[in-house]
Amino acid sequence: MGKMGCSRMEKQMLPFVDGRLKVSEQREVEAHLAGCAACRVRVNEFRAVSGLLDELPQIEPSGAFDARVRARVAAEPVKQSWWAVFAPSPRAAFAASLLLLATIWIGSRPGNVNINNNAASNGTAAQSAIDPNDLPVLENYDILANFEPLEDLPQPVQGDDSDEVDGNQAM
Amino acid sequence: MARSDVQLMLDVKAGDEQSFALLLQRYRSPLVNFLYRMVRNREQAEDLAQEVFIRVYRARADYVPSAKFTTWLFRIATNLALNSLRDTRHQRMEISLDAPVTGDAEDGDERTLDVADKHPDIEQHLVEETRKAMIKHAIDKLPEKQRAAVLLHKYQELDYGEIAKILSCSESALKSLLFRAYENLRVELAPLVAKG
Numbered sequence: 000m001g002k003m004g005c006s007r008m009e010k011q012m013l014p015f016v017d018g019r020l021k022v023s024e025q026r027e028v029e030a031h032l033a034g035c036a037a038c039r040v041r042v043n044e045f046r047a048v049s050g051l052l053d054e055l056p057q058i059e060p061s062g063a064f065d066a067r068v069r070a071r072v073a074a075e076p077v078k079q080s081w082w083a084v085f086a087p088s089p090r091a092a093f094a095a096s097l098l099l100l101a102t103i104w105i106g107s108r109p110g111n112v113n114i115n116n117n118a119a120s121n122g123t124a125a126q127s128a129i130d131p132n133d134l135p136v137l138e139n140y141d142i143l144a145n146f147e148p149l150e151d152l153p154q155p156v157q158g159d160d161s162d163e164v165d166g167n168q169a170m
Numbered sequence: 000m001a002r003s004d005v006q007l008m009l010d011v012k013a014g015d016e017q018s019f020a021l022l023l024q025r026y027r028s029p030l031v032n033f034l035y036r037m038v039r040n041r042e043q044a045e046d047l048a049q050e051v052f053i054r055v056y057r058a059r060a061d062y063v064p065s066a067k068f069t070t071w072l073f074r075i076a077t078n079l080a081l082n083s084l085r086d087t088r089h090q091r092m093e094i095s096l097d098a099p100v101t102g103d104a105e106d107g108d109e110r111t112l113d114v115a116d117k118h119p120d121i122e123q124h125l126v127e128e129t130r131k132a133m134i135k136h137a138i139d140k141l142p143e144k145q146r147a148a149v150l151l152h153k154y155q156e157l158d159y160g161e162i163a164k165i166l167s168c169s170e171s172a173l174k175s176l177l178f179r180a181y182e183n184l185r186v187e188l189a190p191l192v193a194k195g
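Chains as they are written, first to last, in numbering that gives the first Met the number 0: chain A, 0 to 170; chain B, 0 to 195.
If you are wondering where the hints come from, they were derived from the structure by calculation, not from laboratory data. Only a predicted model underlies this, so the values are computations on that prediction, with no experimental measurement involved. Hints may be right or wrong, so weigh each one.
[Said to hold, decoys possible] Per label pair, the in silico range of CB-to-CB distance: (1) A:P76 with B:P64: 18 to 26 Å; (2) A:G18 with B:T129: 49 to 57 Å; (3) A:E54 with B:H89: 30 to 38 Å; (4) B:L125 with A:R69: 19 to 27 Å; (5) A:G4 with B:D15: 49 to 57 Å; (6) A:S61 with B:E156: 41 to 49 Å; (7) A:A37 with B:P142: 20 to 28 Å; (8) A:G50 with B:L125: 17 to 25 Å; (9) A:G34 with B:D15: 20 to 28 Å; (10) B:S169 with A:A63: 17 to 25 Å; (11) B:S169 with A:A36: 39 to 47 Å; (12) A:P76 with B:A193: 53 to 61 Å; (13) A:L100 with B:I53: 41 to 49 Å.
No residue lacks a Cβ here, since even glycine has one placed at the ideal position from N, Cα and C.
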């Protein structure tokens, strides 16, 4: 560590007077002061100035100070977070809940289920709605039923559409 | 055990108004004194101190304890004081700081600690009042940034790092600033320093 000069002492002088230097820095300053009368005088003067500043009296805030701050705080608008922009008001939330319940109720009515089911199985429903007598091929149903080449074919397996077959047969 | 400033501020952030009242109680006097020494007017100092507390309250939702609470608090106060001094500079130009020291008109509201009762000797009382007026006058004459540095260092006892952050300068620059401030004070208070 090099020997401290007077210029470097400038930054260390007040911390030295305050006693805020590290031990190593304090020793360095003390070593400089031991050989520098000018800096010794300056340190003593700074100590005197610091002592004079202690003499200045403190003031007390006026009695109404706290009340004024509290009044201003009370007058502050309630601060909402950024996310609060998206938060619904209670009235809007209630209205949205009612709308949701109404939608669920309407959606769960039996008639609507049939409508939906009919829509889903549109092809089958359309077929069942056609009068078989309107179909030319069915006009000759007796011919088809007695068509000899068909007798050699294996009997159809009874599956899921057995009801439909039965229904057709019943007609 | 007393809650730390940071803890109090976090409680304020969580909605505890009582913690804000504790911060107000803790810092009302230091802030008013600091601002009074900065702007040299008691009423203005109280208005500015109120503004500091309101700004702290407004910022509660965004508060993050990234620095000491006092650094944040006095940074707000210092900025408000410097802005206020800038805004009223033209008014203050009319009141010369070089006017002779005849006691302090504004110190009429300072606490005088019943000096007259303790020192029946009127002459002694006058000597003490003149001494205080000289000290105050010397502080008032400091350039604004030097004055802020001295007040934060001497009366608020903040460490160098904190004051440097408040004044937005390096710690090294702050030490130079304080050295120059003490040099000015030493010259201004030379009659008292010599006696001391």
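### Task
Check each numbered hint against the structure and report the violated ones by number, ascending.
2, 4, 6, 9, 10, 11
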